[in-house]
Amino acid sequence: MAEATVITDPYTEAAERLKTLTKVMTTKAAIAQTPKELVWTLNKAKLYRYTPVLPKEKRHPIPLVLVFALMNRPYILDLRPGHSFVEYMVNKGYDLYLLDWGAPGPEDKNLKFDDYTLDYMPRAIRKLKATFGVEQFSLLGWCIGAILTTIYAALRGDEDGLRNLILLTAPLDFSNKQGLTFARWTDERYFDIDKVLAAFGNMPGEMIDYGAKALKPVENYIGNYVKLWDNIDDPRIVESWHAMNTWVTDNVPLAGGAFRQLIVDLYRKDKLMRGELVIRGERVDLSRIHANLLTVIAEDDHITPSCQSEPIMAKVSSADKELYRVRGGHIGIMAGSGASKFTWPHIDGWLAPRSK
Amino acid sequence: MGEDPNQDGKRFDPLDAWRGVRDIYMDAWSKNMVEMVNTEAYAQATGAMLDTYLTASTPFREALEKAMVKTLEQLAMPTRADVVSIAERMTNIEMRLDDLDAKLDTIQRLITQAGAGPQPQPRKAPQPAKKTVAAKKTTKRGRK
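Sequence lines, in order, name chains A and B. According to this note's numbering, the first sequence is numbered sequentially starting from 1. According to this note's numbering, the second sequence is numbered sequentially starting from 1001.
Bound conformation, chain A alone (with noise of 0.2 Å):
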């Protein structure tokens, strides 16, 4: 981004804030850029390796896999230069892994949680430890990545070496109808999902998106680009404005079988703190879970409210847990302008000392 000129004719500076206006809104940012190598591939989904800075016998041996959700692309993560939470943890030594799941297409519309925790992870994983060399690592979950990650930990944690376990925004607790608002929205009187699959296989990116941006209309529709506007002469701003506005506009669709599985069994039955989800035949016993676990929870999260993360707590049999509180959003705890002062220097404080 160029550097602020100052410019004192004001038909000059209207021009100029028209042309970065136009720019932002209709251009991608450059995103993404930690370099990274291609480990494992299945269907859609990738797992990246990225590349270390610092030599092995200075890193952390046990690797940190992470996994976010399945409709949004993951690279929120590593944002841009400076501002990734990527780059921040292979600064700090981390062996990084990302499983990205790519965008499903109309041969995806039956995957499930079932597919996604045992068949995709499993395998991932299987091919990260037979690369490396390694026999335990570390997996971060974020929103439904988070819903996947425990899951897979309750199931196959133990038996495939899984140590630490973070969970940032975890939507795993749908007691709670009155306070959460998409519970509402998808109640079986209002919310037809087998019409809404017969018509699109799987949910349309721009549907969950529009659900997302629907819980604060105001502030997602008029204020993000009134701030913007108010801004327009702070490179500085315009650029992480551009950046996010990136990824927000990048949808992924929700592959239909999962997102059945979100509705029906989590949001309506709230089966998996019930302890009465079944994964291809499997109780999913959030007792299993023994792994060190560090939960996150964002104060001002009006997409997964803390009621939804806390509950799991005293579910797992982990004997090293931790629940951290940081203020911000959904998002903004790991992508905001806060992220790098508090929650990323409590993960790596976290984990490192885990990853011995």
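Keep in mind the hints are simulated off the structure, nothing from the lab. Note that the coordinates shown come from a computational prediction; the quantities given were computed from them, not determined experimentally. Some hints could be false.
Claimed, not checked - Each computed DMTMM-like pair below joins lysine to aspartate or glutamate, with the alpha-carbon atoms no more than 25 Å apart:
{"no.": "1", "chain 1": "A", "residue 1": "112", "chain 2": "B", "residue 2": "1040"}
{"no.": "2", "chain 1": "A", "residue 1": "129", "chain 2": "B", "residue 2": "1098"}
{"no.": "3", "chain 1": "A", "residue 1": "109", "chain 2": "B", "residue 2": "1062"}
{"no.": "4", "chain 1": "A", "residue 1": "112", "chain 2": "B", "residue 2": "1016"}
{"no.": "5", "chain 1": "B", "residue 1": "1103", "chain 2": "A", "residue 2": "114"}
{"no.": "6", "chain 1": "A", "residue 1": "227", "chain 2": "B", "residue 2": "1016"}
{"no.": "7", "chain 1": "A", "residue 1": "227", "chain 2": "A", "residue 2": "299"}
{"no.": "8", "chain 1": "B", "residue 1": "1031", "chain 2": "A", "residue 2": "209"}
{"no.": "9", "chain 1": "A", "residue 1": "56", "chain 2": "B", "residue 2": "1105"}
{"no.": "10", "chain 1": "A", "residue 1": "56", "chain 2": "A", "residue 2": "160"}
{"no.": "11", "chain 1": "A", "residue 1": "112", "chain 2": "B", "residue 2": "1094"}
{"no.": "12", "chain 1": "A", "residue 1": "177", "chain 2": "B", "residue 2": "1040"}
{"no.": "13", "chain 1": "A", "residue 1": "112", "chain 2": "A", "residue 2": "276"}
Unchecked claim - Which chain A residues stay away from chain B? Per the calculated CB distances, all over 10 Å, these:
{"no.": "14", "residue": "56"}
{"no.": "15", "residue": "62"}
{"no.": "16", "residue": "223"}
Think of the CB as a built atom: it goes at the ideal place given N, C-alpha and C, for glycine as much as any other residue.
We have chain A already, so just place chain B on it with the hints.
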């Protein structure tokens, strides 16, 4: 427009006061809207709108899909169902390859653990292929 900077180094902007009022108004509007989208009435209304759209569009979508399938068949082109079927088969093949890869990794690990890893063979000068009995027979047959 005032161009002389004030004590804070900022130019006087007559729109500052307007912005303050705007922000207060937007905050109040935002809170009201958040409360509104949290109501049963909103859930019911959006559900009804979606249902109406799906009910109205389904016959057209199905008719279009049928016409498209017939057109593609007439043109001897693959339909969406054909492409989806191939993609599913590709994923199955990828799964099988991944299974084989897992077995090869296991074999490699066991060999390494047993201390009998593949030893580098000393390089030899290329030798002419020895004639085998089968080769001789083939040659003879060829002569016949």
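Problem set entry | Structure-inconsistent hints, enumerated in ascending order | 1, 4 and 16
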